[in-house]
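Visitor: Listed here are the chains, written in short residue letters.
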Amino acid sequence: MNQENSDHWLVRPKTIRGMWIGGSVLLALTVVLQLVVPIKGYFGVDGWFGFGAAFGFVACLLMVLVAKGLGYVLKRREDYYQDSEESS
Amino acid sequence: MTDLLSPALWMVLGALLIPVFRGHLRTAVLLGIPLLTLWSVWQVADGVSGTVTFLEYAIEPVEGSPVRRLFATVFAMMAFLGGLYAFKTAKWFELSAAYAYAAGAIGVCFAGDLITLFLYWELMALFSTVLVWCGGTPAARAAGIRYAIMHLLGGVILKVGIEGVVISTGSVQIVPMLATDFNTWMILIGILINAAAPPVSAWLSDAYPESSHTGSVFLSAFTTKTAVLALLMLFPGEQVLIWIGLYMIMYGIVFALLENDARRILAYSIVNQVGFMVCAIGIGTQMALNGAAAHAFAHIIYKALLFMSAGVVLYRTGKSRCTDLGGLFRTMPLTTIMGIIGALSISSFPLTSGFTTKTMISQAAVDEQLMVVYLLLTAASAGVFLHAGIKFPWFVFFQKDSGLRPKDAPWNMALAMGGCAFICILLGVAPGLIYQLLPYPVNYEPYSAYKVLFYLQLLLFSGLAFFILLPLMKRTETISLDTDWFWRRLGHAGWGVVERLMASVSDKAERAGAAAIDYGNYMARRYLSNPHAEDSLETSVFGRSWTIGTTALWITILLSGYTFAYYI
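Which chain is which? The protein sequence lines are Z and Y, in order.
The number in this note's numbering is simply the position in the first sequence, starting from 1, with 20 added.
The number in this note's numbering is simply the position in the second sequence, starting from 1, with 287 added.
The shape of chain Y in the complex, shown without the other chains (with noise of 0.2 Å):
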């Protein structure tokens, strides 16, 4: 029986006490949950651990496998330090459904069927929105319903290919597919929809910001993700995802260098990075996918500490826009140098995690020959030092002097970020710690003192570009537009017309309603009306009173009508 238990029941449990206890008792689920997580994900032996019948599909909660378990491991990683990082200043109801959140990613880790995949997805998308709405301004509250409205459209389209899938199959089994019919297309649009994929990359800008300097750790983390890993168990090698992947890059990149807020920029630089392990799932070979899942790896952690870093500056200061912003390193000089490792590493420097891990999606463009892919990578490498890597942090910490004083990190976020910074430095140094994790067996050697000669050329000399283009990238307080403009404005303003149409079609009927009505009473008036009543003027056609002869007359008439039209 305990086999049926995912791991992600614990996270359920954590989601569930919290509520419950109080203070340090509190903290201590907080903190306690995610590592049981932890410990409970390696106890998860490959293969599936049991299988219910339910309606008739083998139904099994729980299989293992090296990525899902890479993929569970740093899940629960990130609920720990997002725990830590978050548990004196956010409330409980934001807790509690941070860990529900998670709950659903390490669901999705060891679903072993499209079934019980499908019901974790759904657990993510209701409390990740909750958590959008966590950030408690109006404009959370609007983001996070076209957040939802967004996530539950992209479940309706997955379920649907599911449904397909597995009246075509008869089989609910999670198996590499390829996007050949309608039913696959489905699955796989279901899926790109939470990976961010054109063109509906806006949702994750728009939301992700909105949300409280700690919500935004946990949103970091875990919906793109998860989708990475769908792809990886389901789309493996499907060549459209090549080029899906390196839009999302170049997308990333631009509406990046183009943004004002903060934590807009990192996320559209989520968009940017999974755009790189999209790209590595098309690719398909066994580098590639280790390339996919150790970039994801490390990105999570990365990312989280730069949405960290930038959460403390909202948290101190209030403010998360460039314009704003700048000459914190004064006063926030660790928060500072967070934001810097987690910066570096993102740009993939030489030993940091970035390094190590991206790298392996080049490699393998290059074993495919795939020189085009390849230069793309190369340039976006640099592209992401330029929006993610310096200016991130020169905007935020460095630039002009914003005149803010604020004080450094409280010890709990202070420490959740060195977490961090500690793993992306440790896989930097040490790279087999996350080779070893990996699905396929690792052939590849990151250091070479050529390839980190080239990618200090390719890097130092996008430095050079920033400071140089610096009077180009001038920040405005302005907001791009997106692709959800066609529904934030026109849907908007179609719905409008579409609105004033029906009010006009329906003041019409009103109108001819009304005037219906009272020809109806005149005509009851004019044949029908009481001539006994007092007021009654004797005028109702059938109402009045008629003389014997006419009487006669009418009888005789209808009469004889009836004879007549007895006999046709």
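Looking at chain Z on its own, in the form it has when it is part of the complex (with noise of 0.2 Å):
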């Protein structure tokens, strides 16, 4: 308890429970706000309901995915360029 109240508030568990509270409920609001305001799509799929949230999370995991995938190819220690360039 003692060590909750020392650390910046920002930071309590408290607070990061509010947070995650707090932010569902705006993620729900936006899409459900879509039946008030409705989205003119351009190309149809985009009209479709919660299209911007399914689209933007999938896309984000996907990029996600692949930054991952690539990451076990291309992944190297900080001093892999070192031997090369020292001797140069």
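Some clues are possibly wrong.
Stretches of chain Y that chain Z covers, calculated by requiring three or more beta carbons in the stretch to come under 8 Å of a beta carbon on chain Z [as the list claims (entries may be wrong)]:
#1 654-666
#2 738-745
#3 763-770
Computed list of lysine-lysine pairs in DSS-like fashion (alpha-carbon distance at most 27 Å, straight line) [as the list claims (entries may be wrong)]:
#4 Y:LYS738 with Z:LYS88
#5 Z:LYS34 with Y:LYS687
#6 Y:LYS606 with Y:LYS694
#7 Y:LYS761 with Y:LYS606
#8 Y:LYS694 with Y:LYS375
#9 Y:LYS761 with Z:LYS60
#10 Y:LYS687 with Z:LYS88
#11 Y:LYS687 with Z:LYS95
#12 Z:LYS34 with Y:LYS761
#13 Y:LYS694 with Y:LYS378
#14 Z:LYS95 with Y:LYS738
#15 Y:LYS606 with Y:LYS378
#16 Z:LYS88 with Y:LYS694
#17 Y:LYS687 with Y:LYS606
#18 Z:LYS95 with Y:LYS606
#19 Y:LYS761 with Y:LYS687
#20 Y:LYS375 with Y:LYS606
These aren't lab readings, by the way, just hints derived from the structure by calculation.
What you are looking at is a predicted structure, and each value in this text was computed from that prediction instead of being measured.
We put the beta carbon where it would ideally sit given N, CA and C, even for glycine.
Dock chain one against chain two, each of which comes alone in its own frame, and use the hints as you go.
Guide: Written out as structure tokens, the structure reads:
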């Protein structure tokens, strides 16, 4: 309890829980609002209910997975280039 | 005569005066010169101001147009804000180089012909290299050399293209063209190298993060955006740019997601953002070109803001790797807020400059019925929020508590960041300010309820994805291989092989040479050595004493041979 109060209010578990709840409500709200403010789709699909939300989420998921996969191939230790460059 | 003087010359004067003065006078020069330049930029009338003839070519040092003025304006503003940010900590030679570099960028803006453009282009290459070197570390030195090689190579390719176009058309004028033959392709490639297009995008994320905390603010602004302006003037509607742009967008996102160094994340994100502009230029409609120009303006300011906040962190802590940082919001609230404003702007959140400018590019794709392009741009907008909008501030200012308790930004840096943040929000709230400066009349309303709602859905759910996928994005102390592997590793190894090959060849040649010389010496001793020397053993064939009879025999043989040869 003592530890919890001594840390910055932003990182206390209570605040973080509150932010997750508030965030979830906000997310739900942006989708539900679509019932009141119809989104004009330019190509049909992008006017579907919750398209923006789903598209944003799935796009990010794919990008993170692609990055993760590429990471296995491309990631190297930070000093990878050092041998070749120190000798030059 | 004054018509021929480009506003860039003010910046050159500034670069020359900075080393001369000290203290408050230098500060006055630093802050006054960009303002003078800005004033001068707005004195340039539309059209060509004057012509001089050089080698039978009509050189037009100053040509005005709305889009040229727009870019020159933001470059001058950036020199001012960068100068304000840097003047207390940067060395005089860094500031001087930065102003000469800005002069190059502004010079390109008003270049009326390809020759003038090329000269200012090289001025940029020269002094941006100095800025990279000002990082002061061995890594900065090496990166600066790679940077210089890349840009000199780009310059040569551009020059080849310019020469070709000048010979084939007889004109040095800057006119819209398409990449249809060798010459125009060379120009396009030369410009694209400066725009950090594939396959050489790696130069940007290699060099910029090695510069100092002040140098990167200048570097982020000029080179790539000058390339965007050059593309706008020379290759509007060149279709190949759509796909090059989209590639840059996706490349920037994926590599930024892999990256650990905060400033390198921002460098990858430059490639990503320039990709949006390149793609728009490829679409080439008035809406698209307006979008590219507006987005470049907004991007320069918010990217500088992001580099400034990362720069303050580097200045105060000496660190820029995400694995070393975290929890800085406790003692750096101002820098945190500024970083967040920059991050929201780059993510095109409503009420920021990113929203009012980048959405024009999406609108242009819609107008042209380019569904795939539109959907990719939209996905990329989500990805920008992911890699720059949340990742940057989260890993630098929040995530874990690194235990670091640095002081917040010095007043001048805070003021510079405040200025950038103010412009980001101003252009988001009052987009008319930038729309009236664009090259074509703007018929676009960014704020409609459904559009705002759509972007909020898109961005907030990207945010959700970030926090859900956070375990997958655990930072590791790594770098990512890029195409620069080909010259930093493969090329280096290849050069090693060549070097060893040459060494062994020269070794063999040397040994063979030594053997030949030995043999020559032996033969000389054997046949020619002097018999009357004291140590002579009278062994050499031609040096020996011969008996009269043998000599007479040889003379007979030689003379008969001669007679015989005479009659043949």
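Visitor: With reference to the structure, classify each hint as holding or not holding.
Guide: Cross-check of the supplied hints:
1. 654-666: holds (count 5)
2. 738-745: Answer holds; 6 residues pass the 8 Å Cβ test.
3. 763-770: As far as the segment 763-770 of chain Y goes, the hint holds, because 7 residues have Cβ atoms under 8 Å from chain Z.
4. Y:LYS738 with Z:LYS88: violated, 32 Å
5. Z:LYS34 with Y:LYS687: holds, 16 Å
6. Y:LYS606 with Y:LYS694: holds, 14 Å
7. Y:LYS761 with Y:LYS606: holds, 18 Å
8. Y:LYS694 with Y:LYS375: Holds - the C-alpha atoms of Y:LYS375 and Y:LYS694 are around 16 Å apart, at most 27 Å.
9. Y:LYS761 with Z:LYS60: violated, 38 Å
10. Y:LYS687 with Z:LYS88: It holds: about 22 Å lies between the C-alpha atoms, which stays within 27 Å.
11. Y:LYS687 with Z:LYS95: Roughly 23 Å separates the two Cα atoms, so the pair holds.
12. Z:LYS34 with Y:LYS761: holds, 24 Å
13. Y:LYS694 with Y:LYS378: holds, 22 Å
14. Z:LYS95 with Y:LYS738: With a Cα-Cα distance of about 38 Å, the restraint between Z:LYS95 and Y:LYS738 is violated, given a limit of 27 Å.
15. Y:LYS606 with Y:LYS378: OK: Y:LYS606 and Y:LYS378 at ~20 Å, within 27 Å.
16. Z:LYS88 with Y:LYS694: Roughly 35 Å between the alpha carbons, so the hint for Z:LYS88 and Y:LYS694 is violated.
17. Y:LYS687 with Y:LYS606: holds, 15 Å
18. Z:LYS95 with Y:LYS606: holds, 21 Å
19. Y:LYS761 with Y:LYS687: Holds. Y:LYS761 to Y:LYS687 sits at ~12 Å (cutoff 27 Å).
20. Y:LYS375 with Y:LYS606: holds, 20 Å
Consistency note: the structure conflicts with the earlier hints numbered 4, 9, 14 and 16.
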